[in-house]
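Peer 1: Taken in sequence, the protein lines are chains P and G.
Residue numbers for the first sequence follow this note's numbering, beginning at 1 and rising by one.
Residue numbers for the second sequence follow this note's numbering, beginning at 288 and rising by one.
What the hints contain is simulated information worked out from the structure, not anything from laboratory work.
Be aware that one or more of the hints could be misleading.
What the hints assert, rightly or not - Result set (DSS-like, lysine-lysine): computed pairs, CA atoms no more than 30 Å apart in a straight line:
no.	chain 1	residue 1	chain 2	residue 2
1	G	K927	P	K280
2	G	K734	P	K280
3	G	K840	G	K304
4	G	K740	P	K189
5	G	K394	G	K595
6	G	K595	P	K189
7	P	K280	G	K740
8	G	K968	G	K1053
9	G	K352	G	K591
10	P	K189	G	K734
11	P	K249	G	K1053
12	G	K352	G	K394
13	P	K249	G	K591
14	G	K1048	P	K249
15	G	K595	P	K244
16	G	K688	G	K734
17	G	K1048	P	K280
18	G	K1048	P	K189
19	P	K280	G	K1053
20	G	K758	G	K595
21	G	K927	P	K189
22	G	K394	P	K189
23	G	K713	G	K591
24	P	K244	G	K1053
25	G	K734	P	K244
26	P	K244	G	K968
27	G	K595	G	K1053
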Amino acid sequence: MRRFEYHRAETLEHASRLLNELGDDSFLFAGGTDLLVEIRERLRRVRNVVDIKHIPGLSDITYDETRGLTFGALVTVGRLERLPLVGARYPNLRAALASLGSIQVRNRATVVGNICRASPSADTIPPLIADGAFVHIYSRTNMRVIPLSEFFTGPGKSVLARGEIVTGITVPPATENNGKAYLKHGRRKAMELSTVGVAVSLTMEDGVCNDIRIALGAVGATVLRAQQAERMLRGTALDAATVKDASAKAMEECTPISNVRASADYRRDMIGVLTGRAIKQALEAFA
Amino acid sequence: MNMTTPIEKRDFKIVGKSVRRDDVLEKVTGEAQYTGDIKLPGMLHGKIKRAAIAHARIKAIDVSKALAYPGVKAVLTHENVPRVLHYGSPHPRSASCTKDQYILDDKVRFWGEGIAAVAAISEEIADEALDLIEVEYEALPAVFEPEDAAQPGAPLIHDVGPGGNLVLDPVRVNRGDVEAGFAEADFVLEGTFAGGRPHPAYMEPNVCIADWDGSNKLTFWTSTQTSFMVRGILAEVLGLPLTKVRVLVDHMGGGFGAKQDLFQHEFLCALLAKETRRPVKMEFTRHETFVAGRSRHPCRIWLKQGFKNDGTLVARDMKLVYDSGAYGSHGPGVTIVGTTAATSLYRCENVRLEGRCVYTNTPINGAFRGYGVVQSYYALDIQMDEAAERLGMDPAELKLKNVVRAGDIAPSGHPIIGHGLEICLKHGIDVLDWKTLRGRDRTPDPKRPHIRKGWGIGCEMHGSSAYPGIKEQGNATVKINEDGTVTLLTGAAGLGTGAHTALAQIVAEELGVRFEDVGVIHGDTDVVPWDIGAFASHTTYLVGTAAKMAAGKVRAAVLERAAMKLQVSPAEVDLSEGKVFVIAEPDRAMTVSEAMGPSRGIPAANIVANGTYEPTKSYSFAAHFTEVDVDIETGIVEVKRVVPVHDVGRVIHPIAAQGQIEGGIQQGIGHTLTEDYVIDKKTGRSLNAGLVDYKMPLSMDMPDIETIILEAAPDPGGPWGAKGVGEDPIIAIGPSIANAIHDAIGIRFHHYPITPEDVLKALREKGA
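Chain P on its own, in the form it takes in the complex (with noise of 0.2 Å):
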C-alpha cells in the first residue's frame, strides 16, 4: 500500500480549508470502504486523506412528514438499512442498502461516501434518483442544495467543486399511494457490484399511475433517468402490454459499455427485464 498523509478535521470548515490548501490528490475520508481499496489495489493516486468522521452534526437522521427523509454524511448504510422506516417508506432504498457489499462493508460504508464516489453501478443512487432526492453541500462561500439527478457528471465525477463538501440528503417524504422496488443483477448474491440496477419510485391514484420515475444503474456514464419510457407509462394503468414497451424504450435509453462483467448488449436486455419486474414488485405495495 502507497504512503498517505492523514488529517483530522475538527469541522467542516476545517475540512474544507484542508482541501483546499493540500490540493491535488486529496480526499475526503469517512467509512474508506472504497478509498482503502483504491489505494491499495493503486486505482487512485492519494497524498492526502481528510478525515471527516470527528465533525459533530453529520451523523442525524431525521424523518417528517413534509420534508422527508434527512440524513447526514456520516451515516452508514447498515444504520439506515436497518431503520424501520427506511423500510417502510422507502423499500427501493432499503433493497439497495441491502445489496452493498456485505454486513462488515455496510457497517462501516457512509450512503453519502457511496454517492460521492460517483460510480455509476452504486446501488444507494438509483433508488434516491428514483425518489427525487437532494444533496445538502457545504462550501465555506456558497451553500446549495441541488437534486440528486443534477449531481452527477460522469464515472467517478461530479459538479463538486475543491473544498465543497456534501453533509447530507435529503429524500422526499413518501405517501400512502407510493409503490417503490430496486433490483439488482450480479453474478451472485453478496459482496457485488452491480452489472445492471432498476429502481422504480411511482404514484398510483385510482388504478392509474400519475407518476413514475425508473432510474438505471451501471448502463451509462452515470445513473440514468428513462424518461421516455416513464411518459409512456404515465396516465396508464402500467398495464403489462404498456410495461413491456416502456421496458423496450429503457432498453432504448440506457448507453451501457461492455466489460468483464458483461457485454452492452446483456445490459441492455436486462434493463428490459428488470425494469418490468421493477414496476411489478413497486405495484404489489397495492396488491
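Assemble chain G onto chain P, guided by the hints.
Peer 2: For chain G alone, coordinates are given in the frame of chain P:
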C-alpha cells in the same frame, strides 16, 4: 449427512468419530501463527516488479533510481541473480518434464511476470521503489490461445522442450481397436468442449520469509504444500547442501494444489535476504495470487464416441489440449492424468486418446484440485447424458449401465477395487426416487413463470496418490513419552483440511491411547521425516498408513515393556484406551503411563518407530445429483440442491470429510457458473485479477447440500480401508450442473463457466 457402513463392523474408539480438531481454538481466536504473522528483528520487505507486456525481450533495465531511494536495501534483476534453469514443479520428470524457468530472465513470457525485486525497510517503500525501475522492452509477437500457439510459425515462447510451443510430446493412449469399435456402433456422438481458467483463490496469499544465519544456513518459512520440495529446489538452485536449508510451514490458509510449485518470489526472497544479510518477507497481494499464482489449465476437448442401441459404449476417440500458460509447471502431469483418466469412468474397450499441452503468453497454470480430470470428465459425463437423450433413456440408467466396476482396469493400470461408483449412483437414485423426479410435472410455477427447473447427474472417480506418475512414499515417526502421551512426526502439510487430526486419530486408534494424548509435530524439514507433499488426495491414504505402521510398532514395544512389568509374556497382554491388561485377568492392568514411566530400577524407555509406505493407488467415487433453477429471462442459473453421494472407503473424520465435499462443491459451482480468470486476447493483460471481478460463490449462493458418504469400496491400501476425498467433489458437480441445465431448458452447454449471457443467447437461438 448420512453414512452407511456395509463394510467390516469393528468397534472403533476414535476412527470414524468427528473428534475436535486441536487447531480450532487458536484459529477462531486468531492466535494461530501463519507465515504472514511472523515478524523477525530487522526484517525487510520484498516486492516484485512485474512486466506490463506479454512477450518481450528486456533490452535494458535501470535500477539506479530505485537503489538510491531512501529505505531501499537491494534490487535484483536478471543481471545479478544466479542463472539456473529449473523445473517449475517439484516433481521433475512427472509433473514437470522440461527445465524452462530462470529465477529472473531477460525475456518476458507473460503479462505480470516478475522482472526485478526490491528489498526495503517497509512494504510501502519497496512498493514505491518498483516504479523507479526503468525497463526498455523489445516487444515480441505474442500468442494467447493454445490453437494459435500450436500453429506452425507461431512465435516460440521457449527454446527448450519439444518445440512448436509444446510443453511435452503428445500423450497417446490406445486400447483395443477404435476403428473397429466405431464400425460396430449404431450411432456416433461427436462434440467439442471448452473449459475456462478457474483460479483457486486460497484465503492466504503466497508468503515467505528468508533468514540466513552466521553459518550460512537458510531458514525459510513459506506457505507451501511441499516443504521438502521447496528445500530441495532451493538448495539445488542456491548451490547448498540440504543441511543448510531448513523449511518451516505451520498453519496454512489453503492451497488447493496450487501451492506445490516453486515460485519466483521464493527464490528472490532467499536471494534478497542473502544480499542484505537481513531477514526478508515477501507476501503476495491478492492481485499477485492471480498473475503470479497458478490457475487451472484452460482446455479444448474434441470427443467422439460410438454407442450401440442398447447403450453399450463401443469406441472413444478423444483429443485434449491444455493451455499451460507461459511455463510448464504441472502441465505435463495435468495432461497425463487428465488424458489417461479418460480411459475409465465409463467402460469402453476401444479407446484412443491424445493429450497435448501448449505454452501461451498467459499466466502460469498449475496443479489444482481435480488435476486435469475436471476437464476430461466434464466432456465424458455430458456426452453420456447426450447419448441417453439420443437413446430415449434415463441418463441414470445409461450411466449405471456403463460405469466402471470392480476389476476394470483403472487409469493407473490396476484393477479397480469395489463397485463404488455403481453403488453411489444406485444409492442416489433410491434416496431421491429419481424416476419420480424425472417424470415430475414440468409446468412452470405460475408465481415464477420465468423459472425452469432441472435435475442432472454427474459422475466421477479420482485416485488417491499420484501413482504411477510419481512413485509415492509416505513416512511417519511415532514416539511414546514416559507419561504415556504420544508424538507423531509428519512432513505432511496441513493446508487447513484437518489432515493432522486424521493422522492423530489413526495413531491413537492403532496404538490404543486416547486421541487427546497424541500430539503432532509437523512442518519443520530439519525435524520431521521426509515427505513428498500434501497433494493428490493422498495424505490420509498414504501418510495415514505410514502412521498406522509406526503406531503398530510402538504398540508392540509398549506391550512388551508392560508385559515385562506385569511379569507375563507379551502375547498375554492387550492395550486399549490407554490401559495395558492381562487378557486372561483384565484386572491385572497398568496404564500406558505406568508402563512407560520409570519405576524402581527401570528408567523411562525411549520407544520410537518409523513407518514407510509405498502404495500404488486407490480410487474414490462419487455421483452428484443436482437441481437447478434457470431464469429464462435473465439466463441466471441457480443451483438449488445437491445430493452428493461419495464412496471414500473408511471415513476417519466424518465432519472433515463432509467439509471437503461441501467445499469442493462450492468451488465446482463457481467454476461451472461464475469463475473465470480472464486474459485479454489482444494484450495478454489480466482483466479480473482480483476478487472484485473474479466471482466465487459465497454462503448465500450455496444450495442445500445433503452429503451422503458410503463406505462401500474400502481400499486395502489405506488405513482400515480409507481413501482420498479432497479432489473428488470438484469433479462431478460441474457436469451435474450442465446436465441439469439441459433438463431444465433443453440446451446443451459444452463449456464452463456457463454465464447468464451464454444461457440467454442460447435460449434466443433456440427460439424460446
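Peer 1: Now tell me, hint by hint, if it's right for this structure.
Peer 2: Structure-based check of all given hints:
The hinted pair formed by G:K927 and P:K280 meets the criterion: a straight-line CA distance of about 25 Å does not exceed 30 Å. For the suggested pair G:K734 and P:K280, the alpha carbons sit about 12 Å apart, so the restraint of at most 30 Å is met. A threshold of 30 Å between alpha carbons decides the hint, and for G:K840 with G:K304 the separation of about 24 Å falls inside it, so the pair holds. With a CA separation close to 19 Å, the supplied pair G:K740 and P:K189 stays within the 30 Å bound.
In summary, the hint linking G:K394 to G:K595 is not supported, as the alpha carbons are separated by about 53 Å, beyond the 30 Å threshold. About 45 Å separates the Cα atoms of G:K595 and P:K189, which puts this hinted pair outside 30 Å; it is violated. Between the alpha carbons of P:K280 and G:K740 the distance comes to roughly 23 Å, so the proposed pair stays at or under 30 Å and holds. Our distance criterion of 30 Å between C-alpha atoms is met by G:K968 and G:K1053, whose separation comes to about 29 Å.
As the CA atoms of G:K352 and G:K591 are separated by approximately 59 Å, the hinted pair breaks the 30 Å bound. Only pairs whose Cα atoms come within 30 Å are accepted, and P:K189 paired with G:K734 is accepted, the gap being roughly 21 Å. The straight-line distance between the Cα atoms of P:K249 and G:K1053 is roughly 25 Å, inside the 30 Å bound, and the hint therefore holds. Distance hint between G:K352 and G:K394 is fulfilled; the C-alpha atoms sit about 22 Å from each other, no more than 30 Å.
Taking the CA atoms of P:K249 and G:K591, the gap is near 47 Å; set against the 30 Å cutoff, the hint is violated. With a CA separation close to 21 Å, the supplied pair G:K1048 and P:K249 stays within the 30 Å bound. The straight-line distance between the Cα atoms of G:K595 and P:K244 is roughly 50 Å, outside the 30 Å bound, and the hint therefore fails. For the proposed pair G:K688 and G:K734, the alpha carbon gap of about 39 Å is over 30 Å, so the pair is violated.
Proximity of G:K1048 to P:K280 is assessed by CA-CA distance (about 25 Å); at most 30 Å being required, the pair is judged to hold. With a C-alpha separation of about 22 Å, the suggested pair G:K1048 and P:K189 falls inside the 30 Å cut-off, and the hint holds. Restraint check: the Cα-Cα separation between P:K280 and G:K1053 comes to about 27 Å, which is no more than 30 Å; the hinted pair holds. Restraint check for G:K758 and G:K595: not satisfied, since their Cα atoms lie roughly 39 Å apart, outside the 30 Å limit.
For a cut-off of 30 Å, the pair hint linking G:K927 to P:K189 stands: about 14 Å separates their Cα positions. Using a Cα cut-off of 30 Å, the hinted pair G:K394 and P:K189 is violated, with the two alpha carbons roughly 43 Å apart. In summary, the hint linking G:K713 to G:K591 is supported, as the alpha carbons are separated by about 27 Å, within the 30 Å threshold. Annotation: proposed proximity of P:K244 to G:K1053 holds, straight-line Cα distance about 22 Å (limit 30 Å).
Among the hinted pairs, G:K734 with P:K244 is consistent with the structure: their alpha-carbon atoms are about 18 Å apart, no more than 30 Å. Straight-line distance between C-alpha atoms of P:K244 and G:K968 comes to about 38 Å, which puts the hinted pair past the 30 Å bound. A C-alpha spacing of about 29 Å is found between G:K595 and G:K1053, which places the hinted pair at or below 30 Å, so the restraint holds.
Of the hints listed earlier, those the structure fails to meet are numbers 5, 6, 9, 13, 15, 16, 20, 22 and 26, in rising order.
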